[in-house]
Amino acid sequence: MADPKSLYQEVILDHNRKPRNYGELAQANHKAEGHNPLCGDHLNVALKLEGERIDAIAFQGESCAICKASASMMTASVKGKTRQDAEQMIQEFRDMATGTLETDKQAHHLGRLTVFAGVRDLPTRVKCAILPWHTLHAALNSIADTSTESENDPMHAPIGDA
Amino acid sequence: MTARLSTLSPPPAPALDVGRLRADFPILETRPGGNALVYLDNAASSQMPRQVIDRLVRYQRSQHANIHRAVHTLSEIATAEYEEARRKLARFINAREEREVIFTSGTTEAINLAMHGYGRRFIGAGDEIILTTLEHHSNIVPWQMLAEEKGAKIRVVPISEAGELLIDEYENLFSERTKLVGVAHVSNALGSVNPIKQMIAFARARGVPVLVDGAQAVPHMKVDVQDLDCDFYAFSGHKLCGPTGIGILYGKAALLERMQPFKGGGDMILSVSFEKTTYNVIPQKFEAGTPPIAAAIGLGAAVDYLSGIGMEAIAVHEHNLLDYASAQLRRMKGVRIIGTAAHKAAVLSFALEGVHPHDVGTLLNQDGIAVRTGHHCAQPVMQRFKVPATSRASFAFYNTMAEVDALVAGIRNVQKVFS
Ligand SMILES: Cc1ncc(COP(=O)(O)O)c(C=O)c1O
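Each protein sequence line maps, in turn, to chains A and B. Its first residue numbered 1, the first sequence is counted upward by one per residue in the numbering used here. Its first residue numbered 1, the second sequence is counted upward by one per residue in the numbering used here.
In silico lysine-lysine, DSS-like type, Cα no more than 27 Å apart, as pairs:
(1) B:K333 to A:K18
(2) A:K79 to A:K31
(3) B:K252 to B:K88
(4) B:K153 to B:K386
(5) B:K153 to B:K252
(6) A:K18 to B:K386
(7) A:K18 to B:K416
(8) A:K31 to A:K18
(9) B:K88 to B:K263
FYI, nobody ran anything at the bench for these hints, they're computed from the structure.
My request is simple: use the sequences and hints to build the entire structure.
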């Protein structure tokens with residue numbers, strides 16, 4: 001087994017092997033596609049907003065384990081939440097991944113998603129973890145197509161109120 | 001930690017005293033991230049021996065001034081050392097004349113120089129440029145820019161499933177309008193060594209000049225530009241145990257003389273007035289401004305160092321490493337080698353079933369093994385093999401069989417984590 005400091009913890013490997021909410025979402029009313037042209041990863045996020053509430057959400061795509069597990073855990077944790085709560089988590093996840101949110105010192109709503117805190121030490125992998133969240137943000141705001149290298153790059157773009 | 005299978009023959013005896021050579025490379029003793037470094041990313045950039053580092057320091061401490069510009073002694077010393085470096089590089093690739101060796105910032109700039117200097121002058125609307133599927137982006141994008149500007153067309157030589165150029169198709173691509181061939185000597189993504197001598201002869205018989213991207217060849221084999229009879233040959237210093245920011249465009253003198261300058265400025269002119277400027281002779285015509293003097297001198301020291309070892313001995317040792325590593329990977333379940341040309345150099349690209357290359361790279365890094373993962377600036381190759389990216393181990397003469405064993409053990413560990 002990889003060492004415990006490793007990003008590749010059992011939770012992440014498990015979500016990679018058996019991603020939750022994977023596939024199409026027939027009744028979706030918000031969708032977006034995210035790309036990371038640097039590594040060829042791409043990901044679709046589809047969701048059904050009932051008023052302000054995320055009633056259903058699904059994703060599919062081709063990506064590395066970090067991206068896929070992040071997407072899987074994201075869908076599990078935002079399902080049933082309001083749009084505003086989801087945007088709050090997107091912001092917090094991004095801050096954690098880029099190292100501006102210290103999850104063991106500051107308040108947050110990320111729960112088990114803190115297994116991704118380790119990406120902050122792997123600059124080349126930060127975008128892998130963030131891509132699903134970036135795509136969710138785009139879907140919530142009806143931006144059909146997004147890219148980690150576009151002007152709304154997750155590393156630079158203000159996420160939250162778009 | 002040997003992961004060798006009992007049925008494999010033992011690795012061949014080294015062609016070089018690798019232990020002694022490794023002692024020349026201070027970085028190989030460092031422990032980035034706390035692990036002994038297994039550096040298998042030499043195709044991206046190689047490491048620098050003490051001899052080159054010391055040469056850079058000596059230049060900077062005792063010989064530095066601007067060149068070609070002043071009568072004072074220090075400037076004369078710096079100029080002499082810079083021109084001596086050019087002589088060394090000319091000898092290293094067996095150029096007929098020193099003035100055929102132009103210092104650039106690297107392969108990319110060398111190709112851009114050829115594009116601006118030759119392409120923009122001699123290639124026009126309806127003309128055709130032949131490139132190949134396995135080119136690095138730096139031998140694609142400049143020609144696309146030219147094609148767009150001039151209305152020229154790009155024709156692409158396909159590759160086989162093994163990653164070998166289809167030579168019949170290459171020959172069929174020629175027409176009256178063909179004005180240039182651009183081809184990599186060795187593919188950085190697949191390791192294929194292309195039959196460039198034969199390709200050049202074919203183009204030459206039709207009066208078409210050939211630019212060879214030698215970035216991945218020069219570090220691994222003896223290159224003789226006269227024997228190849230190429231018109232241009234480009235390579236980078238930093239892949240050749242030299243510094244970054246320096247590279248070479250070799251060009252045949254007669255061709256360079258007909259070309260237009262690439263960058264305008266000081267040193268590339270004989271006289272300037274607002275009515276008329278007269279360009280300098282080659283190679284100065286193409287070296288506007290103050291060049292990276294220290295880097296050029298460092299590269300001169302690097303080719304001295306490599307010549308001291310012998311490019312033939314380097315090639316033998318690296319082939320042994322590649323053969324041994326390829327044999328090991330071929331035997332592993334779930335491992336696909338991408339690029340299986342009969343003739344390869346120093347590059348081993350692979351894919352692990354069910355594991356994305358970025359995860360492979362991050363996990364190998366946790367064991368101190370540095371490989372490159374991604375599209376290797378060769379997206380057409382990735383499209384050809386229908387993979388988003390590959391993992392790539394690339395060897396230098398200072399790598400050992402034990403490091404290949406570490407790579408194999410690292411790959412097994414990745415497979416275990418993802419099992
Ligand atoms: C085949 C090939 N051509 C061109 C280049 C570009 O070299 P540089 O980045 O040094 O200009 C590389 C290096 O990545 C290469 O492998």
